[in-house]
Amino acid sequence: MGYTLAEKIIMRNTKRSSVTAGELLNVNVDKVMVHDIFAPFVVEKFREMGFEKVWNPDKIVFVYDHLVPTSFIEDFRHHKIADAFAAEQHIKAVHRADGVCHQLMPELRYVVPGQVVFGTDSHTTTYGAIGSFSTGIGYTEMAAIFGTGQLWIKVPPTLKFTIDGELPNGVYSKDIILRILGDIGADGGTYKALEFGGSTIKGLSISSRMTLSNMAVEAGAKVGLIEPDEKTFAFSGVEGSQFQDLKSDPDANYEKVFHYDASNFKPVVACPSNVDNISDVEALLGTKIDQGFIGSCTNGRFEDLEVAAKILKGRKIAPFTKLIVTPASRSIYAEAAKAGIIGILVEAGAIMNPPACGLCCGRSGGIVSDGERVIATNNRNFLGRMGSPKSEIFLASPATVAAAALEGKIVDPRKYL
Amino acid sequence: MKEAFKGRVWKLGDDIDTDIIIPTQFLALKTVEDMKKYAFNPLRPELAAQIQPGDIIVAGKNFGCGSSREQAPEILAALKISCIIAKSYARIFYRNAFNNGLLLLENNELYDCCREGDEVSVQLENSQVLLGEKSFEVASIPTDLLQMVEAGGLVPFMRKRNGK
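Sequences listed follow chains A and B, in order.
Sequential numbering of the first sequence, starting at 1, is according to this note's numbering.
Sequential numbering of the second sequence, starting at 1001, is according to this note's numbering.
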């Protein structure tokens, strides 16, 4: 019998010749990420547990992104505690203003294919896009990893999504994942691995694949995996020949297999206030919008800014409408500036925010008030996520958000593409 | 961790969420001992006072769904529930439970075969749960995890490991 990609990565990590879904076992942690919000709690638990030295300072990455730039006087306390701990433990990887953790981890090659990675954030699933078994955990467990380098996991069963064919114009990986969430529901993947494959996925850029894996957790999934290929190896700067075991077997034991024909996908929107409340853009035409948001670890990458610029070039966003743009990392920001994309967005009326979590986690940079309606490229539209519980959040692709900002209402982005 | 133990069954249904286990309004209470009196309050307010040390909760699917509050497994551990046997668990609750010293077992059939008040016998060594003459298989739990449950959870387990 064959194995799924999740099982293959776990077998590689544990050096076992077979594993079975449902089995509990210990994995050797290849890398961990802690962001600024939880850093003080991890440090506190680490000390409470009686540890003195971290198991391996080179495998720990601190990213300050939720509280960057600081918005409240107390915010800096988090950075001070993490800075002091990093200095004491000789942790060199500390990113103080370089971007969102889930963008930086793969971009800076802290995570490469085949690794087992944990982060103190639910969207750690993002790195599944480069074939890493990665997921979010609590701060108590992170403290234990800091001390031991190990964590127990349950081998998850896998739901396979095979998507073949060419995506229609104006349809992106965000539309694919929103549609899947609508089909399986917000708990449809609880404790499971989602595995995305097929010719459509092969054709997607690494950035687009990251959007899929990022939102796997919105179905309750533990990981959202994509088989690494030549694109992945080039992105991660690794030799592909060393990762040939990272392929799911044709006779792998999948809990369920879903087939999609890419030509049937359309631009869609997740309506307030659940990620699985999916509607075709066509059914929402004319819905008034007060603010657009393009950014986050879901859709704040170069290609996302590029498509927005394509739509906004030489145009102005609607009067009384705001458009917040937040590149996912400093290097994406610099690259987009060099390519003239930032200039186009700013001239169209966009407000540029620094590369960080900001508005996506409702902490800073465009907090909304009662009655305001936002259309955004991030991953959660829960009640009050971006400010007032009396505001409404719609989730969509960068193209759909840019087109909506242009007209001040939800429109079909395909007319601009 | 005792390799074998018996307990009286309290039977709960599907989708017992963390708000049922401990409603938000009681999370501000100072100690877990104060909080544990309100376990399952929205569903069965009398239950917490009736639960005796060593009792076993048998439940349906998706036990512990909802928020990530670690107080949910903490108060069940404080009530000295010896284990929960459910059809399935929500992911975050599952991890939080073991980290707070609460043993969780999974079995799909027991729920439909047992009644509240029945006595079941758990045999960890051979991964069996016995109800009268009937036996039910549960997935085995690695020794490391059992030792953690025995130590009372992840923090004390690590302290012990570190000789503190």
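Be aware that a few hints might be false.
[Said to hold, decoys possible] Capping the alpha-carbon separation at 25 Å, the derived lysine-lysine pairs in DSS-like fashion look like this:
1) Lys409/A / Lys390/A
2) Lys266/A / Lys53/A
3) Lys1087/B / Lys154/A
4) Lys1061/B / Lys256/A
5) Lys53/A / Lys1002/B
6) Lys53/A / Lys1160/B
7) Lys1087/B / Lys256/A
8) Lys154/A / Lys1002/B
Bear in mind the hints are in silico, worked out from the structure with no lab data behind them.
Note that this is a predicted model, so its numbers are computed, not measured.
These are the hints, each one checked on the structure:
1. Straight-line distance between C-alpha atoms of Lys409/A and Lys390/A comes to about 19 Å, which keeps the hinted pair within the 25 Å bound.
2. A distance of roughly 52 Å separates the Cα atoms of Lys266/A and Lys53/A; the hinted pair therefore is violated under the 25 Å criterion.
3. Note on Lys1087/B and Lys154/A: the hinted pairing holds, with a Cα-Cα distance of about 15 Å set against a maximum of 25 Å.
4. Distance restraint check for Lys1061/B and Lys256/A: the Cα-Cα separation of roughly 19 Å lies within the 25 Å cut-off, and the hinted pair is therefore satisfied.
5. Our distance criterion of 25 Å between C-alpha atoms is broken by Lys53/A and Lys1002/B, whose separation comes to about 33 Å.
6. Taking the CA atoms of Lys53/A and Lys1160/B, the gap is about 16 Å. The hint holds against a cut of 25 Å.
7. Between Lys1087/B and Lys256/A the alpha-carbon distance is near 19 Å, which keeps this suggested pair within the 25 Å criterion.
8. Using a Cα cut-off of 25 Å, the hinted pair Lys154/A and Lys1002/B holds, with the two alpha carbons roughly 23 Å apart.
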